[in-house]
Structure formats: C-alpha cells, structure tokens
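With the hints as your guide, set chain B onto chain A.
These protein sequences, in sequence, are chains A and B. All the letters of the first sequence, read from the start, carry residue numbers 18 to 214 under our numbering. All the letters of the second sequence, read from the start, carry residue numbers 1152 to 1340 under our numbering.
Keep in mind that the hints were calculated from the coordinates and are not lab data. There's no promise every hint is true.
Not the full set, but computed from the structure, chain A residues with beta-carbon under 7 Å of chain B [stated by the list, open to error]:
| id | residue |
| --- | --- |
| 1 | Ile-82 |
| 2 | Gly-83 |
| 3 | Ser-84 |
| 4 | Leu-85 |
| 5 | Leu-87 |
| 6 | His-89 |
| 7 | Gly-185 |
| 8 | Ala-189 |
| 9 | Ile-192 |
| 10 | Val-197 |
Remember, it's a predicted structure, so these values are computed and weren't measured experimentally. Cβ coordinates follow ideal geometry from the N, Cα and C atoms, glycine included.
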Amino acid sequence: MGPLSIALEWSSSSEFLGAFLVGIAFGFFLEQGGFGNARKLALTFYFRDMTVVKVMFTAIVVAMIGSLLLSHYGYLDMDAVWLNPTYLWSGLFGAVLMGFGFAIGGYCPGTAVVGCATLKTDAFFNIGGALLGMLFFGEIYPLVEKFYLSGHLGDRATLPAFFGISPGVVGAGVIVMALVLFIGSEALEAKFGKKEQ
Amino acid sequence: MKTPAVIRNSYYALLVLFAVWLALLGQPSRAPADRPLAPIGAIDLARMMVEGRRNFSVIDLTGSPEEFHLKGALKADLARDLTPQVLEFVGGNRGQAIILVGASEAQVRPLAAPLVKKRFRVLAVPGGIGEWKSQVLEPANGSPELMALSRYLQGKSAEGAAAATLQQVPPGGKVQRRARPSTGGGGGC
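Pulled out of the complex, with its shape left as it was, chain A reads as follows (with noise of 0.2 Å):
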C-alpha cells in the first residue's frame, strides 16, 4: 500500500530524489501551460485568459480522484501522507498577502521559479522578494507567534472530519466547485477575453 516511499522503503536520499524528479515534471508541465510567463497569469486577474484556474482546478481535481480512489480500495494509506497542520486565521492572513503579491508581481512561488527556469528577469526579481520575505519573517517571528499559532484547527484538518461526512462526498462537492469554475471561466473570457482570429 502507497505511499510509494514508505511501501518501498526509500530513504531520505531517495525520497529528495523523488519530490526532485516530480518538481521537475511538474514544473515542465506548467512552463509548456505558458504559466512562465507573467503577462499570461496576470490576464487571469482581468478575466481576459482564465488558463490558470482551469489548469490548477484541473490539477487539483485529477489529483483529488486518484487519492480518493486509490485510498478507498486499500491501494493507499492516507493516514501516512502529511498534511500540512492548518492555523485558520494566519493561513487566511497569508492567502490574501499571497493573493496581493500574485496580483502585483504576476507570478506565484512556483511559477515564479518556472519563470527563473526560462530566464525571465521579472521571475528573478519574484523569488529574490519572496527570499527576502521569508528572511524577514524569521526576524520578526517572536514578535507574530502568537498570530501565526490562532486559529488551530488540528494537525489534521480535513473537510470530511469537520464536515463529518465522507471524504466521496467532500469530492464530489469538489468536482462540482470545479465545473461550476470551468463552465464560468469560459463565459469570462467570452465576454472579456480577446477574440481569436
């Protein structure tokens, strides 16, 4: 039973080695999606190329039926994948930050680093200011401690366990949250997007 690392053994050499090769197709996949460029991501925010919200949903729900499935019929433990513990009220804090920084600079983390990986100056700077800020963040940590604890949720949050209703379920919610998405994105860019020739 998954996941792979520890039906297989690996060590921590081969898990690094692992998330590296996987970072590197994933990062491949977006720079083919044109997410390395930050004009391209930037449109999303006019409405006018909503490409990054049907290639991320996408992302999120492929990756979404496989866990659920491979889960369900005993191919994997999910109580052995980490999650990442949730503080509620920095990590809302931190996603409106996120969102301002993406809007202004026109890349996310990880696309930024894919914009590093074609050269693009603009990239560089993203990543340089986002150094910067982790960097300052670790200075001024004693002084946000208390905020960046609020809000714990538990090392374990999921929709199912809050909800409690099963995980399907929560899923198929997802799904719907996506084609409701999709289905909108596509009216957007009709209206605002250019027209193609």
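Chain B alone, transformed into the frame defined by chain A:
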C-alpha cells in the same frame, strides 16, 4: 487555439461521472486512523534488522540475556524507562516506526496514544524472549534462509549477512510507518 467543443464537453461529462462515483463510495474500509498500535511478526522484524534498514527504531523490552540481544536495539524496562517523551526522542524524525519488542499491545497502548497525533507509528512485537527465541533464534523447522538469519542475529555467522535477501522467509505481518513530513508543502501554484 480554442478547445473543440466535443473535447470540452467530454471532459465535463467525465468529471460528472467521477463526481457520482465519489458520492456513492461511502466510507473507506481501511483501518481507523487513530489505531495507535499495529502488531508485526518477529521474523519480519528480524529481517528488517538484518537488512540494516534505518527507518525504524527498536526498543528491546524482553529483558533477554546478552547473547540473545537484538542488534541495534535499545534495551529498556517498560515500567521504569518508557514515557511518550522517551519514545518520541528515540523515534527521532516524525514518520519513524518505533518497534517495541516483548510488550503486549495493552501494555504499550497508553505510551503510544499521544504519539499518534505526532505522526509516529508504534508497532508491537508481543511475546517475551521465549517467543522470540522459538520464532527467530531457534526455529525448529525453519527454512535455510531462516536458519541463516538466526545464526546471523546471534552473531554466530558472518556470512549470515547473505541472508539479507530473505524473500522466502514467511512473513509474519506487514510493517508500516508514517510518511515523513519532509515533502509537506503548500499547494501546487
């Protein structure tokens, strides 16, 4: 290039099908997440030790004499030495399995329960040294591989290391550990 309508509609239809499939799944049939202990077989543990795997820690609670010591295991007394904090310290990285040899599940459960939330996996190899000896160290009707393993664990055979490939040793149970959090990260963007 705009996606052809037939591909787009097929994609949407596929998603609807998956949504229905997921909604009808019900609860998974796997073991409950909060099970703090999982028994494994003594032979499995012996095999892991011979193979030199490093993703688990072993605590020997059998009180066995030195000649039967488990290579690489920490000797301890259940009542005197062990607390959840000690287990966590021994376990090191989260995601490690901590294997307690010579204690029953009931004995170890209070120690293990606080660690589950911290992503440790605690496994018990029940039975005292007598069971350990009969299964691993002095098997009555063991296969050649098992006999080689037995000699190796008792330090009687240097070439016993060759028994590391013990594919034919009958498994006594499946060992599981928790994933290490090293790959934990944010979303995909």
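Query raised in the report: Honestly, which of those hints from before does the structure not fit?
Result: Hints 2, 3, 5 and 10 not satisfied by this model.
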